[in-house]
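Q: Given only the sequences and the hints, what does the whole structure look like? Please build it.
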Amino acid sequence: MNATRRGGVLSTFRSVGAVALLLHLCAGSFIGTSHADTIPVEVLDPTLQVTTAVSGLSGPIAMVFIGPDDMLVLEKGTGRIRRVIGGIIQATPALDLAVNSNSERGLLSIALSPGFSKNGLAYIRWTESSTGADSGNVLETPLLGNRIDVFHWDGSTFTQQGNILNLRALQTDNVLVPGQTGGTNGAPAANHNGGVIRFGPDGKLYVFMGDNGRRGWLQNLPNGPFLSAPNVDDTFGGPAPDNSHLTGVILRLNADGTAPADNPFFAAGGAIGGEVGANIQKVYSYGHRNGFGMAFDPQSGSLWETENADDAFSELNRVVPGMNGGWIQAMGPQSRFAQFKFIETTQFTQALQQVRFPPTRLAYTAALAQARMFMLPGAFYKDPEFSWVYEIGPAGATFINGNGLGTSYNGTFWFGSARSFGQVGGNGGSLYRMRLTPDRLNVDVSSDVRLKDHVADNLFRPTKFDGTESETLQIGRGFGITTDLVQGPDGALYVVSNTDNVIYKISRP
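Our numbering numbers the first residue of the sequence shown as 5 and each following residue consecutively.
Hints listed in this document are in silico derivations from the structure and should not be mistaken for laboratory results. A portion of the hints provided could be inaccurate.
Unchecked claim - Beta-carbon label-pair distances, calculated as ranges:
id: 1; residue 1: 158; residue 2: 231; range: 18 to 28 Å
id: 2; residue 1: 376; residue 2: 158; range: 15 to 25 Å
id: 3; residue 1: 442; residue 2: 463; range: 42 to 52 Å
id: 4; residue 1: 414; residue 2: 371; range: 32 to 42 Å
id: 5; residue 1: 472; residue 2: 346; range: 14 to 24 Å
id: 6; residue 1: 234; residue 2: 279; range: 35 to 45 Å
id: 7; residue 1: 60; residue 2: 368; range: 50 to 60 Å
id: 8; residue 1: 205; residue 2: 271; range: 22 to 32 Å
id: 9; residue 1: 476; residue 2: 95; range: 43 to 53 Å
id: 10; residue 1: 264; residue 2: 120; range: 17 to 27 Å
id: 11; residue 1: 158; residue 2: 457; range: 50 to 60 Å
Where is the CB? At the ideal position from N, CA and C, for every residue including glycine.
A: Next up, the structure:
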């Protein structure tokens with residue numbers, strides 16, 4: 005496509021390569037709705053305080069510091085990156101992209117190159133509008149409209165350097181697959197994009213791509229969702245992870261978008277060959293549903309992610325190379341599989357988003373569910389480190405490094421909510437804090453005997469988000485949809501509230 009300029013800044017670009025991926029949460033879109041919280045913002049530890057660091061934003065979704073009091077803030081729906089110096093939003097955006105922001109699409113994430121101070125390179129994840137202007141129309145995005153582009157920072161604005169990845173954005177599953185007589189969804193969708201990108205301590209770029217509603221190999225359906233031929237995923241093919249079906253994964257990439265040779269499925273992908281094999285070489289883990297939080301433990305280097313449930317079993321995972329998270333065959337620990345299936349088949353909408361694979365087709369036992377999973381050579385299933393029986397909507401996440409919030413918080417894992425209290429009540433808009441075990445491999449649940457099974461047995465609510473057994477984990481409330489948490493150079497924690505249109509700061513008084 006031709007490059008155009010909006011507000012003097014390059015906004016759409018020539019495409020250089022392609023790959024696909026996306027995702028959904030609960031009964032509808034979580035990120036991007038316009039409900040501010042209806043309860044006061046507060047942090048529950050009296051040794052900490054919460055203040056407003058930045059106000060006047062429009063749907064902020066992510067942020068990054070480029071100096072001690074100098075940050076870049078992404079606005080999901082406007083496509084703008086706003087520079088904020090000393091708490092003041094600068095008049096001219098650093099970048100303005102033509103985004104499609106329907107549901108969970110939009111300007112989603114930014115990751116600075118490990119060498120940013122010298123090379124000025126930043127990686128930006130966004131959903132392209134096919135019209136050349138910002139759009140909220142569900143159909144106005146290319147099939148592979150979820151992009152990662154590289155930009156150069158000159159000290160005031162970004163200019164595009166190239167594209168390293170294109171992932172699936174368009175869900176038009178209401179179109180019948182040739183040879184099938186039914187099993188279609190009622191309307192196009194725009195959720196389960198995931199979106200978060202992070203550079204790891206190894207210098208590689210990690211990309212969380214939601215399942216985008218796909219039902220193929222990487223959703224643990226070796227023959228796709230259909231019970232009879234043709235065994236495809238959807239209108240565009242599959243179930244193998246070609247460029248239109250590379251979803252429900254965490255990818256690990258070199259800075260140029262290529263696959264590192266030490267990725268867990270590099271050899272397997274090479275043996276398969278072609279487009280599918282090249283995509284498999286990029287996979288770090290799969291069998292993921294959707295999530296908005298991903299962070300590296302500064303003490304161990306391990307990757308942790310928050311993962312949203314359909315109706316049952318939100319998850320917190322420590323991701324290891326070659327891991328198969330189990331979706332769509334299972335969510336939550338295998339010891340609770342019967343409960344997972346009961347909730348999905350009897351409560352709420354009794355659907356797993358796609359009617360092509362209804363919950364009635366889930367296995368009868370955990371062992372059978374695991375036997376049905378699609379296992380790439382060397383892959384293995386792993387239970388989550390922690391989960392909630394009913395959806396709690398974990399979202400943006402980070403680790404606290406050092407004593408900026410006090411010595412007791414050093415090494416703790418914090419994450420926010422994918423719904424505000426104003427939307428769902430219960431524990432919507434909450435912040436949570438987890439402590440890890442000394443070996444940094446598990447969540448430390450020793451302070452609450454109810455959590456010794458690493459499951460919070462919260463209760464049924466029509467809008468979910470019940471906080472039962474999360475009382476000792478909750479550290480704040482009233483924060484709205486919290487899409488990103490970032491520890492600043494000053495040691496304080498900065499919380500991006502997509503619905504309150506502000507960035508909050510948690511610090512010592």
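Q: Compare the structure with each hint and give your call.
A: Hints versus structure:
1. 158 to 231: 18 to 28 Å: Violated, since residue 158 and residue 231 (Cβ atoms, about 56 Å apart) do not stay within the stated range.
2. 376 to 158: 15 to 25 Å: Taking Cβ atoms as reference, residue 376 and residue 158 lie about 52 Å apart, which means the hint is violated.
3. 442 to 463: 42 to 52 Å: Cβ of residue 442 to Cβ of residue 463: about 32 Å, so the range 42 to 52 Å is violated.
4. 414 to 371: 32 to 42 Å: holds (41 Å)
5. 472 to 346: 14 to 24 Å: Since residue 472 and residue 346 have Cβ atoms about 18 Å apart, the given range 14 to 24 Å holds.
6. 234 to 279: 35 to 45 Å: violated (19 Å)
7. 60 to 368: 50 to 60 Å: Given a distance of about 54 Å, which is inside 50 to 60 Å, the answer is holds.
8. 205 to 271: 22 to 32 Å: Given a distance of about 24 Å, which is inside 22 to 32 Å, the answer is holds.
9. 476 to 95: 43 to 53 Å: holds (45 Å)
10. 264 to 120: 17 to 27 Å: Hint holds: Cβ distance 20 Å, inside 17 to 27 Å.
11. 158 to 457: 50 to 60 Å: holds (53 Å)
In summary, the structure is inconsistent with hints 1, 2, 3, 6 from the numbered list given earlier, while agreeing with the others.
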